[in-house]
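Engineer: Next come the chains, spelled out residue by residue.
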Amino acid sequence: MSAAAPHTAAADPLRPGMAWLAHAVLWLGIAVTAFPLYIAFVASTLTPSDVAQAPMPALPGPHGLDTYRTILLQGLQGTYLSPPVWQMMWNSLLMALIITAGKIVLSLLSAYAIVFFQFPGRMVAFWLIFLTLMLPVEVRIMPTYEVVSDLGLINTMTGLTLPLIASATGTLLFRQFFLTIPDELVEAARIDGAGPLRFFKDVVLPLSATNIAALSVILFIYGWNQYLWPLLITTDNRLDTIVVGITKMIGTGDATTDWPQVMGTTLLAVLPPALVVVLMRRWFVKGLVDSEK
Amino acid sequence: MAAISLRQVVKRYGTGATANPVIHGVDAEITDGEFVVIVGPSGCGKSTLLRMVAGLEAISGGEIAIGGRVVNEVEPSERDIAMVFQNYALYPHFKVFDNMAYGLRIRKVPEAEVKARVEKAAKTLELSHLLDRKPRQLSGGQRQRVAMGRAIVRQPAVFLFDEPLSNLDAKLRAQTRLEIQKLHAELGVTSLFVTHDQVEAMTLAQRMIVMNAGRIEQIGTPEEVYGRPRTTFVAGFIGSPPMNLVPVQAEGGHARIGDHRVALPARAPRDGALLLGLRPEHAEPATAEGGWPFVVDLVEMLGAERLVYGQLAGSPFTWRIDGTLPPPRRGEQLHLQAAAERLHWFDPADGRRVEA
Numbered sequence: 001m002s003a004a005a006p007h008t009a010a011a012d013p014l015r016p017g018m019a020w021l022a023h024a025v026l027w028l029g030i031a032v033t034a035f036p037l038y039i040a041f042v043a044s045t046l047t048p049s050d051v052a053q054a055p056m057p058a059l060p061g062p063h064g065l066d067t068y069r070t071i072l073l074q075g076l077q078g079t080y081l082s083p084p085v086w087q088m089m090w091n092s093l094l095m096a097l098i099i100t101a102g103k104i105v106l107s108l109l110s111a112y113a114i115v116f117f118q119f120p121g122r123m124v125a126f127w128l129i130f131l132t133l134m135l136p137v138e139v140r141i142m143p144t145y146e147v148v149s150d151l152g153l154i155n156t157m158t159g160l161t162l163p164l165i166a167s168a169t170g171t172l173l174f175r176q177f178f179l180t181i182p183d184e185l186v187e188a189a190r191i192d193g194a195g196p197l198r199f200f201k202d203v204v205l206p207l208s209a210t211n212i213a214a215l216s217v218i219l220f221i222y223g224w225n226q227y228l229w230p231l232l233i234t235t236d237n238r239l240d241t242i243v244v245g246i247t248k249m250i251g252t253g254d255a256t257t258d259w260p261q262v263m264g265t266t267l268l269a270v271l272p273p274a275l276v277v278v279l280m281r282r283w284f285v286k287g288l289v290d291s292e293k
Numbered sequence: 001m002a003a004i005s006l007r008q009v010v011k012r013y014g015t016g017a018t019a020n021p022v023i024h025g026v027d028a029e030i031t032d033g034e035f036v037v038i039v040g041p042s043g044c045g046k047s048t049l050l051r052m053v054a055g056l057e058a059i060s061g062g063e064i065a066i067g068g069r070v071v072n073e074v075e076p077s078e079r080d081i082a083m084v085f086q087n088y089a090l091y092p093h094f095k096v097f098d099n100m101a102y103g104l105r106i107r108k109v110p111e112a113e114v115k116a117r118v119e120k121a122a123k124t125l126e127l128s129h130l131l132d133r134k135p136r137q138l139s140g141g142q143r144q145r146v147a148m149g150r151a152i153v154r155q156p157a158v159f160l161f162d163e164p165l166s167n168l169d170a171k172l173r174a175q176t177r178l179e180i181q182k183l184h185a186e187l188g189v190t191s192l193f194v195t196h197d198q199v200e201a202m203t204l205a206q207r208m209i210v211m212n213a214g215r216i217e218q219i220g221t222p223e224e225v226y227g228r229p230r231t232t233f234v235a236g237f238i239g240s241p242p243m244n245l246v247p248v249q250a251e252g253g254h255a256r257i258g259d260h261r262v263a264l265p266a267r268a269p270r271d272g273a274l275l276l277g278l279r280p281e282h283a284e285p286a287t288a289e290g291g292w293p294f295v296v297d298l299v300e301m302l303g304a305e306r307l308v309y310g311q312l313a314g315s316p317f318t319w320r321i322d323g324t325l326p327p328p329r330r331g332e333q334l335h336l337q338a339a340a341e342r343l344h345w346f347d348p349a350d351g352r353r354v355e356a
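If you're matching them up, the sequences are chains A and B in order.
Reminder that position 173 of the first sequence reads as 173 in my numbering, one-by-one numbering, no gaps.
Reminder that position 66 of the second sequence reads as 66 in my numbering, one-by-one numbering, no gaps.
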C-alpha cells in the first residue's frame, strides 16, 4: 500500500499504516536525542564512584540536589578552580546576548544601506560583506587575536564579543528580505515625507520583526555555543563561559574528574538555548516561512 | 490647488554617449483644478513623466513647475502633491487609520486635526467601518479607496494617479472610475492621471495627453482627440476598435477607392499617396452604385453591435454594424459609404493629419 503510493500516503495523515510509521520514526528520533540527556541527568544524581561503575546505574540516585547546589553556588573545587556555574552561565548569557544584539543591529543597518541607498562602491561593499562568509572565526583566528590583543581587549567582555559580531549571514538575510519590500512603498513614504531614518523605524523595522526574531534565535544559540574564541581570549577564570568551563572541568592526566558535577553543568548549559527555542518557536517558524507584506 | 507646467521636459537614463533618452522634450500646461489624463501604450514614458512631476525621478532637462514654483530640485514631500499607486502601496503593518494619518503625523499636524481629517476622508470614501483593519484584511477595491484616502487627507495642491485602476476587476474599475470623477467634482483638485486604457482616459479626462515613444502626440479634450486625431498614432490608439486607415492615391482633387472618387480636402496634396481614416462606427450601408466595395472575412457578435472584418478596396477594414441587422456572410460583397465630414486624411510620410 505504501509502496504503491508513497506520496499520497505521506500527505494523508488518516492512513493508519503511515501514521504509525511516521510516529515510530519520530519516537526513535526522540529516543536517540533524549537518551544521552537522560544519562547525563542520572550521572548528575550519583556519586563519582557510582558513575565509575560499569555498567552505570540506570536510575537516578539521591545526590542530585547536592550536586546542583555545589556547582551552581560554589563551582568545582578540584585542580581547576572554576567559578560557580551561575557565573559561567551569566557570562555565556551576556556574551550570547551581546553577540545577538550586535549582529542584528549591524546586519539591519548594513543591509538597509546596501538595499535602499545609491552610493559609490555599493556593490563592492556588498561583495566584501559577502566574501567574509568564506572566513569564519577559525580561519582568521590568529590575525583576529593579534588585533584584539593589540587593542588591549584580552580578558574583557568586549574582546570576547566584538570579533564575533561582524556578520555576513545576517546582512544577507535582511538584504533578501528588504529587496522584497515594494519600491512603491518606499516612494509612498517619500511622498508622505518620511526621511530615511523614519522610514527605517516606522516601516522597515516593524516589517522585519519576524525575521529579527528568527535570526535572534539562531544567533543566540551560535553565541552561546562559542568555544574556540572564548577559550583563546580569556585566561581569567571569572570570564569563563559555561561551554569553556565544562571542558576545563574534565581533568587531564592524573587529575580525577568529578563526573556528576560535569554532567550537571552540561545539563545546565543545555537549558537556556532549549528554553529560547521553545519560547520563540512560533516566531521562529513564522520568520522563516512567511513575512507580512 | 495649483497649475502644472511642463517645459521642454527631458528624461535620459545614463549619461554621455550611452545616454538613453526616454522622454524627448515634453511641453504641457495643466490649469488649476483640471483633470488631465496621460494615455499611451506601455513604454511610452507616461509613468516616467508622472513620476518626474511627483519627484520620484530626476529631471534630466527642462522644467516642471507646480503652482508657479519650479520644483526640479524639490523633494516629493515638499511638492504639495499626493500620489495613488497602481499596487496601492499601503503600509502593511499599519491599520487603515494609521495609513491615512502617517503623512499628517510626520508633518506634525495636531492629533485632533489628524483624527478629524482622516474621519472625514473615510466618510467620503465609505471606509469609516474599516479604519481598524489592516490592509491585508481588505479587498482590492477597499485598498484602492484607502490609498485615495491617504491622498485626500493631505489636502494637496495636486493629485497624481499612476494607473490606479489596473489591479481592479472590470466591474470595480467602472465603479471606481465614477467615484474618482465624483471626488474630483467635489474637491476640485488639479489631477494628473496616467493610464494605458483609452476607455478610462476618455471617461475621466477633461483634457487628455496622448503620448507615444516619449513624445506628446496630441493634447485635447476627449471630443477633440476622438473627433480630430492629429496623427495616425492617435487615430489608431483612441477608439475601439481603432480607426481604419486605408492607403489611397491622390489624383488631382480626388482620391480613388475602387471605382469611386472621393473629394479631397482643399489643403491636401494634389497627387501622391494619402491615408484615408474612417472609424468603424462611421461607415454606413450603401447601395451598389453609391458605395465602396467591401468584402466580408469575419464577423464578431458583441451584443448591441457586430464587428465585420473585411477588405475595403483591398485594404483591411473593420466595420461596426447594428447587432439587430442580419449578420453578413463570409465572402459576401457589401457596399458602404461615409459622410465627407467623417473622413480623416493623413500624410503617410509623417502620419500627420491633413487639415481640411
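Derived by calculation from the structure, the hints in this document are not laboratory data.
Mixed in with the good hints, there may be bad ones.
As the list claims (entries may be wrong) - Once the Cα atoms are required to be at most 20 Å apart in a straight line, the calculated DMTMM-like pairs of lysine to aspartate or glutamate come out as:
no., chain 1, residue 1, chain 2, residue 2
1, B, Lys134, A, Asp50
2, A, Lys201, A, Asp183
3, A, Lys201, A, Glu184
4, B, Lys108, A, Glu184
5, B, Lys120, B, Glu186
6, B, Lys120, B, Asp98
7, B, Lys182, B, Glu355
8, B, Lys95, A, Asp150
9, A, Lys201, B, Glu119
10, B, Lys95, A, Glu138
11, B, Lys95, A, Asp66
12, B, Lys182, B, Glu111
13, B, Lys108, B, Glu126
14, B, Lys182, B, Asp259
15, A, Lys201, A, Glu187
16, B, Lys95, B, Glu75
17, B, Lys115, B, Asp132
18, B, Lys134, A, Asp202
19, B, Lys95, B, Glu78
20, B, Lys182, B, Glu34
21, B, Lys108, B, Glu63
Engineer: Please flag the earlier hints that this structure goes against, numbers listed from lowest up.
Structural biologist: 1, 4, 7, 8, 9, 10, 11, 12, 13, 14, 16, 19 and 21
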